[in-house]
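Turn these sequences into a full structure, and let the hints guide you.
The listed protein sequences derive, respectively, from chains A and B.
The first sequence begins at 19 in the working numbering and counts up by one.
The second sequence begins at 19 in the working numbering and counts up by one.
To be clear, the hints were calculated from the coordinates, so they are not data collected in a lab.
Any given hint could turn out to be false.
[As the list claims (entries may be wrong)] Heads up, simulated DSSO-like pairs for lysine-lysine below, C-alpha to C-alpha not over 27 Å straight-line:
no. : chain 1 : residue 1 : chain 2 : residue 2
1   : A       : LYS31     : A       : LYS331
2   : A       : LYS60     : B       : LYS168
3   : A       : LYS168    : B       : LYS60
4   : A       : LYS22     : A       : LYS344
5   : A       : LYS22     : B       : LYS117
6   : A       : LYS20     : B       : LYS117
7   : B       : LYS117    : A       : LYS31
8   : A       : LYS60     : B       : LYS60
9   : A       : LYS117    : B       : LYS117
10  : B       : LYS331    : B       : LYS341
11  : B       : LYS331    : A       : LYS117
12  : A       : LYS344    : A       : LYS331
13  : A       : LYS117    : B       : LYS22
14  : A       : LYS117    : B       : LYS20
Number of protein chains: 2
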Amino acid sequence: MKIKDLGERALIKQITEVLGESASANGFVGIGDDAALTTCNKEAWLVTSKDMLVEGVHFLLPAMTPADLGYKALAVNISDIAAMGGVPRHAYVALALPKETGVEFILEFYRGMGPLAAELGTTISGGDTVSSPGPLMISITVQGEVDRQKALLRSGASPGDILCTTGPLGASAAGLALLLNRELDCPEKLRSQALNAHFRPVPRVREADFLAHSGAVTAAMDISDGLLEDLGEISQASGCGVLLEEDKIPVHPAAQQIAPLAQSLAAEWALNGGEDYELLLAVQSRRFASLSREYESRFGVPLMPIGKVVGEKGLWMVTKEGKRVKLTIKGFQHF
Amino acid sequence: MKIKDLGERALIKQITEVLGESASANGFVGIGDDAALTTCNKEAWLVTSKDMLVEGVHFLLPAMTPADLGYKALAVNISDIAAMGGVPRHAYVALALPKETGVEFILEFYRGMGPLAAELGTTISGGDTVSSPGPLMISITVQGEVDRQKALLRSGASPGDILCTTGPLGASAAGLALLLNRELDCPEKLRSQALNAHFRPVPRVREADFLAHSGAVTAAMDISDGLLEDLGEISQASGCGVLLEEDKIPVHPAAQQIAPLAQSLAAEWALNGGEDYELLLAVQSRRFASLSREYESRFGVPLMPIGKVVGEKGLWMVTKEGKRVKLTIKGFQHF
Chain A
19 MKIKDLGERA LIKQITEVLG ESASANGFVG IGDDAALTTC NKEAWLVTSK
69 DMLVEGVHFL LPAMTPADLG YKALAVNISD IAAMGGVPRH AYVALALPKE
119 TGVEFILEFY RGMGPLAAEL GTTISGGDTV SSPGPLMISI TVQGEVDRQK
169 ALLRSGASPG DILCTTGPLG ASAAGLALLL NRELDCPEKL RSQALNAHFR
219 PVPRVREADF LAHSGAVTAA MDISDGLLED LGEISQASGC GVLLEEDKIP
269 VHPAAQQIAP LAQSLAAEWA LNGGEDYELL LAVQSRRFAS LSREYESRFG
319 VPLMPIGKVV GEKGLWMVTK EGKRVKLTIK GFQHF
Chain B
19 MKIKDLGERA LIKQITEVLG ESASANGFVG IGDDAALTTC NKEAWLVTSK
69 DMLVEGVHFL LPAMTPADLG YKALAVNISD IAAMGGVPRH AYVALALPKE
119 TGVEFILEFY RGMGPLAAEL GTTISGGDTV SSPGPLMISI TVQGEVDRQK
169 ALLRSGASPG DILCTTGPLG ASAAGLALLL NRELDCPEKL RSQALNAHFR
219 PVPRVREADF LAHSGAVTAA MDISDGLLED LGEISQASGC GVLLEEDKIP
269 VHPAAQQIAP LAQSLAAEWA LNGGEDYELL LAVQSRRFAS LSREYESRFG
319 VPLMPIGKVV GEKGLWMVTK EGKRVKLTIK GFQHF
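Written out as structure tokens, the structure reads:
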């Protein structure tokens with residue numbers, strides 16, 4: 019059987035069975051969340067994220083500069099730490115490089131990574147550089163810390179919780195659309211806004227740290243695979259359903275303006291585009307208004323409610339016309 | 019400039035400069051040793067190793083079974099933890115898989131990994147599985163712990179220290195020679211011994227833990243790139259030279275018997291073959307005899323002295339004929 023026929027979730031389940039006692043023991047959160055929590059000391063969990071990025075699958079060269087690639091490769095791994103409410107401390111960078119890769123490419127890659135690491139207090143502490151007979155591949159591991167009582171999991175959402183995001187969605191997908199269609203006529207300012215969203219996503223570390231300490235967030239993850247697919251993850255992990263309100267989906271202005279030029283739907287980008295790396299949160303309903311106010315006073319933008327957690331399993335949406343429809347997930351397929 | 023022209027060590031130096039304050043700060047050991055040491059709690063360092071293995075560069079398919087591949091990919095990363103005197107706790111496994119990879123391949127990969135993890139008390143705590151348009155790539159991160167005062171570095175060797183290994187060398191290279199020349203006429207028992215050394219190296223975790231606690235070891239690493247290249251690393255890090263005694267190089271019996279069949283030199287395999295994953299140690303000379311006795315009583319084999327650390331920089335060897343010659347390093351070239 020091929021992986022794409024089995025599906026990633028079923029594969030992870032089978033791997034976990036094969037590993038038996040070696041898989042993520044001791045009741046800690048491991049395989050299946052944004053990052054793994056393991057014992058570090060009495061006060062904190064060690065949070066570890068590990069993503070692999072493959073040229074031609076996750077990024078395109080030379081459409082992306084090496085500096086943007088270095089930035090983004092670190093950013094998406096740090097975003098996984100933020101999704102657990104953690105603070106990133108150390109990053110380990112493994113590169114498999116085609117033989118013809120120049121030294122300047124690698125140094126530019128690290129030049130793109132360095133300022134983000136410095137800004138977030140993260141140290142590049144090690145790694146590995148090997149030769150690739152195929153595409154460029156990047157594997158980054160980030161270690162962070164989170165107070166034991168404050169870790170944000172995917173699994174804590176309950177019916178009634180408000181679902182929200184930390185920002186508007188779809189701009190990264192708009193940037194990707196511009197990359198895939200270089201002929202597209204698009205005003206320069208708009209183009210650079212969308213490309214920036216795609217190349218330079220901002221991991222919501224300080225926001226996540228604040229949210230984790232609020233005690234009001236019941237579940238969290240980062241929006242990497244697309245809002246709908248990621249909502250599916252939270253509802254699966256929490257054993258609940260989700261009811262979205264179509265007119266509340268926060269579509270990024272750049273997506274709204276670029277979509278018609280690309281004969282695409284901005285709402286589709288916001289729901290299924292992915293790679294926005296905003297946080298997706300479930301928040302206790304009685305705490306939502308005050309949390310959002312305090313969040314806005316700190317970060318200058320409000321939390322953006324998109325619907326709520328419901329008891330009935332599945333993904334539901336109240337359309338702009340007031341109809342309740344069942345949604346199917348059409349996010350990024352890894353295989 | 020291409021990486022192979024610059025060299026890996028110079029590349030790491032340039033990367034460290036580019037990263038500035040983001041590179042391995044705080045005086046901890048990071049880029050450049052077998053694994054990185056970072057703060058975990060008051061008593062212990064967190065030890066992190068990260069290796070990337072690429073099909074066609076580090077392993078050959080289908081010459082290697084998926085179970086052997088899973089075993090070895092974990093073993094070589096755990097070996098890096100052992101090289102620091104650490105005990106492995108958690109492993110994170112990222113796989114980039116060609117689209118046609120079957121589910122059974124992946125499960126076999128994990129079936130090969132599971133028993134080694136279980137035996138050493140290591141948990142597979144997370145990872146990532148993505149698609150590769152090129153070769154299969156494996157990136158594993160292992161986290162371990164080592165008492166703060168006990169970590170084994172490459173940098174502590176002093177002139178007069180005895181150099182030794184925890185086992186004979188060259189059997190892994192003999193196995194690789196058999197793989198690369200399937201026509202080679204070799205007795206079955208010998209063949210399986212050499213292939214086993216190549217496919218199933220034993221990370222010296224318990225040995226390293228004992229050695230780290232002895233307080234007699236001044237420098238350590240695992241022999242992955244070849245004895246001479248790895249000796250070069252220790253002498254570079256410690257600012258010393260190395261004097262080998264040719265007649266003491268512990269050539270593995272399988273290498274000795276297979277080398278003539280392959281028109282190769284067993285000594286060459288022992289010196290430059292690599293991938294034996296025995297530990298290479300520098301030990302205080304006055305402690306060596308008693309340490310080796312206690313080591314043998316615990317592990318059934320003695321420490322194998324190969325020479326000593328000297329003040330004069332460079333790699334020197336006293337040949338069987340009593341001549342002192344200067345060696346050049348010819349180990350595995352990553353690019």
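Structure versus earlier hints, numbers of those that do not hold, lowest first: 11
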